[in-house]
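K.L.:
The listed protein sequences derive, respectively, from chains H and R. First residue of the first sequence? That's 1 in the numbering used here, and the numbers climb one at a time after it. First residue of the second sequence? That's 1 in the numbering used here, and the numbers climb one at a time after it.
Since the hints were made in silico from the structure, they are not lab data. There could be a bad hint or two in this list.
[Stated by the list, open to error] Below 30 Å or equal to it, Euclidean Cα-Cα: the simulated DSS-like pairs (lysine-lysine) are:
(1) R:38 - H:129
(2) H:124 - R:38
(3) H:122 - H:226
(4) H:58 - H:88
(5) H:129 - H:240
(6) H:122 - R:38
(7) H:124 - H:240
(8) R:174 - H:58
(9) H:226 - H:58
(10) H:124 - H:226
(11) H:226 - H:240
[Unchecked claim] Here are some chain R residues pointing at chain H (derived, C-beta under 10 Å):
(12) 136
(13) 153
(14) 250
(15) 253
(16) 267
(17) 269
(18) 285
[Claimed, not checked] Just a few of them, taken from the derived set where beta-carbon distance is under 8 Å, the chain H residues facing chain R:
(19) 130
(20) 131
(21) 136
(22) 145
(23) 219
(24) 259
(25) 262
We put the CB at the ideal spot given by N, CA and C, even for glycine.
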Amino acid sequence: MSGYLLSRSIQTVLTLLVMSVLVFAGLYLVGNPVDVLLSSTATPTERLEVIRSFGLDKPVWEQYWLFLTRALSGDLGNSFVFNQPALKLILNRMPATLELAFVALVIGLVFGIPLGVYAGLKPKSLVSKSVMTFSILGFSLPTFWIGLVMVMLFSVQLGWLPASGRGDTVPVFGVPVSLFTLDGLSHLLLPALNLALFKISLIIRLTRAGVIETMQLDFVRFARAKGLPERRIVTVHVLKNTLIPLITVIGLELGSLIAFAVVTETIFAWPGMGKLIIDAIAVLDRPVILAYLMITVVMFSVINLLVDILYSIVDPRVRLEGNS
Amino acid sequence: MTRDTNTAGSIHVGGADVRAPRSRSPFRQVISALLHDKLALVGILLVLVFILAAVLAPLIAPQNPYDLSQLDILDGRLPPGSQSMNGMVYLIGTDHQGRDLLSAILYGLRTSILVGISSAAIALVIGASIGLMSAYAGGRLDAFLMRVVDIQLSFPAILIALIFLAILGQGVDKIILALIVTQWAYYARTIRGSALVERKRAYVDAARSMALPDRRILFRHILPNCLPPLIVVATMRVAYAIMLEATLSFLGIGLPVTEPSLGLLISNGFEYLLSGDYWISFFPGLILLLLIVAINLIGDSLRDILNPRREG
Numbered sequence: 001m002s003g004y005l006l007s008r009s010i011q012t013v014l015t016l017l018v019m020s021v022l023v024f025a026g027l028y029l030v031g032n033p034v035d036v037l038l039s040s041t042a043t044p045t046e047r048l049e050v051i052r053s054f055g056l057d058k059p060v061w062e063q064y065w066l067f068l069t070r071a072l073s074g075d076l077g078n079s080f081v082f083n084q085p086a087l088k089l090i091l092n093r094m095p096a097t098l099e100l101a102f103v104a105l106v107i108g109l110v111f112g113i114p115l116g117v118y119a120g121l122k123p124k125s126l127v128s129k130s131v132m133t134f135s136i137l138g139f140s141l142p143t144f145w146i147g148l149v150m151v152m153l154f155s156v157q158l159g160w161l162p163a164s165g166r167g168d169t170v171p172v173f174g175v176p177v178s179l180f181t182l183d184g185l186s187h188l189l190l191p192a193l194n195l196a197l198f199k200i201s202l203i204i205r206l207t208r209a210g211v212i213e214t215m216q217l218d219f220v221r222f223a224r225a226k227g228l229p230e231r232r233i234v235t236v237h238v239l240k241n242t243l244i245p246l247i248t249v250i251g252l253e254l255g256s257l258i259a260f261a262v263v264t265e266t267i268f269a270w271p272g273m274g275k276l277i278i279d280a281i282a283v284l285d286r287p288v289i290l291a292y293l294m295i296t297v298v299m300f301s302v303i304n305l306l307v308d309i310l311y312s313i314v315d316p317r318v319r320l321e322g323n324s
Numbered sequence: 001m002t003r004d005t006n007t008a009g010s011i012h013v014g015g016a017d018v019r020a021p022r023s024r025s026p027f028r029q030v031i032s033a034l035l036h037d038k039l040a041l042v043g044i045l046l047v048l049v050f051i052l053a054a055v056l057a058p059l060i061a062p063q064n065p066y067d068l069s070q071l072d073i074l075d076g077r078l079p080p081g082s083q084s085m086n087g088m089v090y091l092i093g094t095d096h097q098g099r100d101l102l103s104a105i106l107y108g109l110r111t112s113i114l115v116g117i118s119s120a121a122i123a124l125v126i127g128a129s130i131g132l133m134s135a136y137a138g139g140r141l142d143a144f145l146m147r148v149v150d151i152q153l154s155f156p157a158i159l160i161a162l163i164f165l166a167i168l169g170q171g172v173d174k175i176i177l178a179l180i181v182t183q184w185a186y187y188a189r190t191i192r193g194s195a196l197v198e199r200k201r202a203y204v205d206a207a208r209s210m211a212l213p214d215r216r217i218l219f220r221h222i223l224p225n226c227l228p229p230l231i232v233v234a235t236m237r238v239a240y241a242i243m244l245e246a247t248l249s250f251l252g253i254g255l256p257v258t259e260p261s262l263g264l265l266i267s268n269g270f271e272y273l274l275s276g277d278y279w280i281s282f283f284p285g286l287i288l289l290l291l292i293v294a295i296n297l298i299g300d301s302l303r304d305i306l307n308p309r310r311e312g
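Start from the sequences and build out the full structure, keeping to the hints where you can.
P.N.:
Given below as structure tokens:
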């Protein structure tokens with residue numbers, strides 16, 4: 001187990017290093033952030049001063065080395081635009097994104113699993129067929145477009161729910177959460193639903209496939225032969241064997257929800273880190289782009305690691321290996 | 001060519017194969033099975049219509065939306081069915097620059113389909129070559145390549161594309177490149193999986209014992225038998241690439257304003273949505289949705305046809 005953790009940590013650090021070198025070199029090649037930082041009326045001396053103050057006059061490897069040594073002490077540089085530590089900027093925005101992603105995941109599971117189980121148990125029924133048609137639709141609906149349609153319908157036409165912003169939040173252990181106020185919830189509902197739509201379809205399909213596969217296994221036949229009631233077979237035996245593989249998927253999907261929150265946050269003006277990165281890309285705010293990348297790599301590695309560990313706990317047949 | 005009788009040979013075409021024993025090429029069988037699936041047929045027809053519309057856009061579009069001399073800013077944001085000063089009817093309205101939305105959609109469709117198909121095709125060639133090589137070489141190279149694939153696939157495609165475009169900037173070539181980078185790994189993993197199975201089959205041993213060169217065995221014997229799952233993945237990936245491109249363009253980091261795809265059209269309308277001018281975003285989105293649904297319907301049906309184990 002400890003060998004496994006070690007090798008995974010090394011892999012994460014390597015990924016971080018490779019990614020940071022690639023992105024750093026890439027951003028360096030793209031162009032000079034000075035052009036973005038300065039107004040067009042700046043004099044050449046002002047220009048030189050700005051270049052020096054951001055350390056942009058040094059050779060690229062030296063800039064990278066500076067970035068790396070500072071990063072190790074937790075300093076990912078100051079945002080060119082906000083003149084604040086990039087790390088702090090992102091961490092401040094992270095709770096909003098995580099909240100959105102979690103709520104979307106819960107919505108996905110609450111709708112996806114029951115519908116998927118039903119479609120798996122009665123694949124020929126009309127309800128199952130409509131569920132599956134819905135899931136193709138959910139797969140094909142571009143998230144951003146359905147978000148716009150939602151705004152159009154529920155905010156502009158019907159006026160039921162607010163179209164943008166986060167609403168009131170309540171601090172929970174110092175972190176602002178909008179789940180516990182009515183205003184916060186009403187702001188959260190549309191974006192979360194928007195983000196969840198794709199996941200509902202995905203979970204439906206995976207659950208259905210799992211149920212169909214499990215129902216054909218010998219132990220189900222054996223349980224039937226033993227005279228167990230069908231409900232017990234489904235809720236205990238089949239469900240357990242279907243849901244365990246879903247854990248991996250849920251972990252990966254949480255990651256993808258966090259990434260896709262970029263889109264939903266843009267539509268609903270949700271003040272999360274996705275909106276931040278889009279704005280940063282538009283003005284080539286290098287430190288923020290790099291910091292966002294570093295944080296997401298760490299976040300994803302942690303999620304994947306947790307999923308693997310959890311999986312090995314619930315399914316003892318899976319052994320975690322240190323070297324593979 | 002040595003051909004194994006695995007997937008393609010076991011297709012049942014519900015009565016259609018009674019009278020056609022001569023044309024049993026796997027390709028024909030798949031096509032005929034596709035045509036017998038009603039949903040897939042709808043998908044194929046829709047895709048054909050879209051491709052035709054995209055190719056013929058300059059001929060059938062009521063106006064060239066990027067020829068400024070044909071535009072009149074006074075016609076901006078007209079609702080569907082309005083008539084312009086010069087008597088032209090805007091069937092589904094105009095955008096904020098007074099462009100006929102129908103024409104803009106036809107031209108946008110061109111860009112979307114071009115980006116989707118070319119990126120998926122190039123990613124397929126690259127990914128399939130790497131996957132095939134990885135499976136055939138085995139050992140350390142295989143372990144290394146698959147670790148790279150694993151790591152890349154643990155990051156959502158949109159994130160990788162985002163970072164890539166942050167570096168590269170905007171442009172059709174750049175977005176195609178970004179989409180290739182995000183997609184090759186799917187193909188590599190898919191083909192490696194099936195190539196590992198195929199490699200152990202008797203026909204490969206036979207080919208080896210005939211002392212055929214490795215390259216020939218790989219590309220003429222193993223590759224054709226790995227195609228069915230690859231085709232399914234490719235179909236779904238084209239749809240995904242089109243959707244991803246639209247999403248990135250919507251976010252303002254995909255295509256430049258001079259080469260609008262459907263995603264950019266939707267993005268243009270976003271500002272006017274809150275004031276009630278729904279059509280600028282709605283109609284390009286509807287076309288995008290139909291295009292993606294159509295491709296996915298074909299992909300779904302192909303998966304059922306090419307995978308005989310799966311029922312229902």
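K.L.:
Against this structure, judge whether each hint is valid.
P.N.:
We went through each hint and held it up to the structure:
| no. | hint | result |
| --- | --- | --- |
| 1 | R:38 - H:129 | holds (14 Å) |
| 2 | H:124 - R:38 | holds (17 Å) |
| 3 | H:122 - H:226 | holds (22 Å) |
| 4 | H:58 - H:88 | holds (25 Å) |
| 5 | H:129 - H:240 | holds (24 Å) |
| 6 | H:122 - R:38 | holds (22 Å) |
| 7 | H:124 - H:240 | holds (23 Å) |
| 8 | R:174 - H:58 | holds (29 Å) |
| 9 | H:226 - H:58 | violated (77 Å) |
| 10 | H:124 - H:226 | holds (26 Å) |
| 11 | H:226 - H:240 | holds (19 Å) |
| 12 | 136 | violated (20 Å) |
| 13 | 153 | holds (9 Å) |
| 14 | 250 | holds (5 Å) |
| 15 | 253 | holds (6 Å) |
| 16 | 267 | holds (8 Å) |
| 17 | 269 | holds (8 Å) |
| 18 | 285 | holds (4 Å) |
| 19 | 130 | violated (13 Å) |
| 20 | 131 | violated (13 Å) |
| 21 | 136 | holds (6 Å) |
| 22 | 145 | holds (4 Å) |
| 23 | 219 | violated (20 Å) |
| 24 | 259 | holds (4 Å) |
| 25 | 262 | holds (7 Å) |
Comparing the model with each earlier hint shows violations of hints 9, 12, 19, 20 and 23; every other hint is respected.
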